[in-house]
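Knowing the structure of chain A, use the given hints to seat chain B on it.
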Amino acid sequence: MATVNRLDPAQSELQPPSEQAREQLLIVEGVARSFGETKALVAADLAVATGEIHALIGENGSGKSTLIKILSGVIPPASGNLLWSGRAAKFSNPRDVQADGIATVFQETLVVPELSVRDNVYIGTDGLFRYGRRKRDEVTGASAAIRALGIDQLDLDRPAWTLSLAERQLVTIARAIVRPWRLLILDEGTSALDASQRDRVFDYLRSKRTEGKSVLFTSHRMDEVFDLADRITVLRMGRTVSSYPVGDASQHQVLVDMSGRESVEDLEAAAEHASDAGAGEGGLAHGAVLRVEDLVLRHGASPISLELRRGEILGVAGLEGQGQVEFVECLCALRRATSGRVLSIDNEGHGAAIHSYADANRHGIRYVPRDRRHEGMFAPLSVFDNFAMALWSKLNVFGVLKRNEAKRRYREYSDASHLVAGSKGRSVSTLSGGNQQKILLGRWVAMNPRTLVLNDPLRGVDVRTREDLYQYFRSLASNGIAIVFLSTEIIELLRLTERIAVFHEGHLHALLESKKATDTNVVAAMFGRDPEHHADA
Amino acid sequence: MPDSTLTVPANSAHLRAPVRRLFARHSYAAVPFVITVGLFVVNLVVQPAFVYLSNLGSSMAVLFPILLTGMALTLPVLSGNGGIDLSVGPLAGFVTVFVSAILMPAGIRAPELVIPIVIVFGLLSGAVNGVLIGYVRLPPIIATLGMYLFWEGLGTQVQPEAGGQVPGWLIGINGSYGPVPGLLIVVAIVVVVWSLIARTAYLRNLLAIGGDERAAFSAGINVAAVRVMTYALTGALACLAGLMLAGLIQSGDGTVGPPYTISAITAVALGGISLAGGRGGMLGGALGGMALFLIQELLTAGHVSVYAVSVADGIILIIALALNGTLEFLRRRRSVRLGPQQPMVLVQPEELGGFNVETS
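Quick note, the sequences are listed as chains A and B, same order.
Residue 537, in the numbering used here, is where the first sequence stops; the numbers in between run on with no holes.
Residue 360, in the numbering used here, is where the second sequence stops; the numbers in between run on with no holes.
Hints may contain errors.
[What the hints assert, rightly or not] Which bits of chain B does chain A cover? Going by a derived footprint, with three or more residues having C-beta under 8 Å, they are:
#, segment
1, 192-205
2, 208-221
3, 225-239
[Unchecked claim] A few chain B residues facing chain A, derived, Cβ under 10 Å:
#, residue
4, 25
5, 274
6, 278
7, 279
8, 280
9, 331
10, 332
Treat the hints as calculated values from the structure; they're not laboratory data.
Note that CB positions come from ideal geometry on N, CA and C, so glycine has one too.
Excised from the complex, chain A in its bound form:
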């Protein structure tokens, strides 16, 4: 079993000899944290040296943000050790952590809309009644910080809600750097900035490195990581898988580490399944069912045009917040695009624009949301009621429900999808995540959809149920239903889909043929690289 794990968690405290000369400012050992059933962090190890710029990278859901929240005192770790400048530290709340010298810029631009720029920079530095510093000092401090970050002019009295997203992000960075920091953490902290502003922020970080201050940052831009970092630590599925000085790692190696392809056999298996997926749809007329015309997801993003064919499974991928969720929401008109349109194509080839969710439903476009608990399930109701919820609009005679017909369809569906629900009268909230997902899916399948838009449908679904659902998706597709399948798991996309649309910064960055692509190609595209350059030999 050839693995690429280079950092055995048990040996994490052993640094290479060259590193020992440098004082370690922060050491994280075996930190774990779960949210309910989800294991966000399993065993994270990290060592940040004094005067080092350290990149923490990984795919969505690899645990980066969880680790950063722990290091910022926002959430406590469940287990593991944290050493701050040589001593065990508690990291119990943001206030204490900041007093120790860790300042964080969070992924979400956390500004208080009604407060001024100056107030937003200095909130949290006060006591309950006592200001941390005089107003005059705040004015000079805030304007100096903002200038250091590359904005020459920003009225400190403007309320934050009048600022652009980029300006808000700069305000949150300013908030961090006016504190007496020794470690600055940026969790996607420059994602809203344009290239020239980002460069000025990076210049600032480099200048601080020479003063012996450390930076820990996450980024979805690979060039940024290699440009800025001294050292890279890769997280995958809540574990630290590797850590190396930036000079020792190729971009390709980093992408391989992140994508989690553990052996050559895995890759071959994935490729095989990918061709399986392609095999199921022979013999169908490949007419288009949905056409996307010049869809612009965000101001300034390039327009997207593509066609979805009958019986096709289209994968949708991208790192967090790169536009892929907006895209699938635009397909069923849950969200309005900046410009462009989505057309439903009927069997004669005529297109009709989709303007509203009701339109989408009328044209047989059915959406299964990501957050099944809040956007999909009716938790107190039974399995059967959840299944039949949408069906009643069809199955009634002057308002009297045709329960027997609905029951028949339920039996049909539960056989086809291998639904294990026990009795159909039991409360849906007692089902496992996978079976809940089957019920949600069944609600729309029973309505004879033409297109199913699935937003990360297999999140939190166990492996066996996944296999069932893969089979079921394929059988749906072979019956002519087009499926748009958003997933964060690349292997899954490669196995199940025919094409994968990879989003980056609001653009459709690449449209890959699943048969030919490898997981490394997909990861490269997710990070905004040219997928072809990372093709496996």
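What follows is chain B alone, placed relative to chain A:
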């Protein structure tokens, strides 16, 4: 670029002068201000006797409990996250009982004793709300409903109907000390104390947790401590309202408080304060209380029955809330249409074609 000086870009000229800045900060109060002035004028026209000096004292005596409970409720609403204190009315009502049935029999009647005791009592009882909400994390509406029932029950248990005596100076507040009306002194004290508090970091902390609790917490604000202080100050203001109420009814009465909770909520809504928190200020609560009082004066002058006044209050509350929501919507939409919240990306001019598709 010169160092250490504040540069002001041209695009924020509307905020340049300090006076305008002051207005910008209190912009939420513009509509309530206009409403209050308008109602005042209408009152003048309908019943000119309204402002006679001889009537002023009794008018203000009626106004004050409404005004102070409205101001008291402003703080928890500003603190966001469903912040509200339903117990302000019953707590004010209980203070009348506290003074007449507990302090008076104990021989405590001098203002220099009664006022501090009542204020401390208010801070402590408010802090109980604050701990339940900030640390135990109960929803504010439930925690303070519990305290509402507690104070109402305790007050009526001790004094189920008007009775007992209150110190003479408390009744005398409605008169005047020499040429100065007593209530004006109370106004002055409240204004001075609040502007002192507003100059501290507390107000910034309050608006921060009300505006975005996650931002406030992650920036290092002790959110729970700010909450406790907020509800404690609310309790103190409610108890001050209770003292005024005792002076007005000249006795203690456990049943007199609860309606003031409703009037306080109406006052806050009329005062342009966002019920979502983080936007507004004490001026709003005060203006709202005054507007509500002026409406009631007008209805009383028109010999409208008490029940019809209640109907009017209900309608006013709903209109005020709808108006708040509409104004907030318009303000936000204006900001969206100006487009500053979009990411700053380099856009080719020809790509700007679809810029306003959403609104067309």
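Cross-check of the supplied hints:
no., hint, in the structure
1, 192-205, "holds (count 6)"
2, 208-221, "holds (count 11)"
3, 225-239, "holds (count 3)"
4, 25, "holds, 9 Å"
5, 274, "holds, 8 Å"
6, 278, "holds, 5 Å"
7, 279, "holds, 5 Å"
8, 280, "holds, 9 Å"
9, 331, "holds, 9 Å"
10, 332, "holds, 8 Å"
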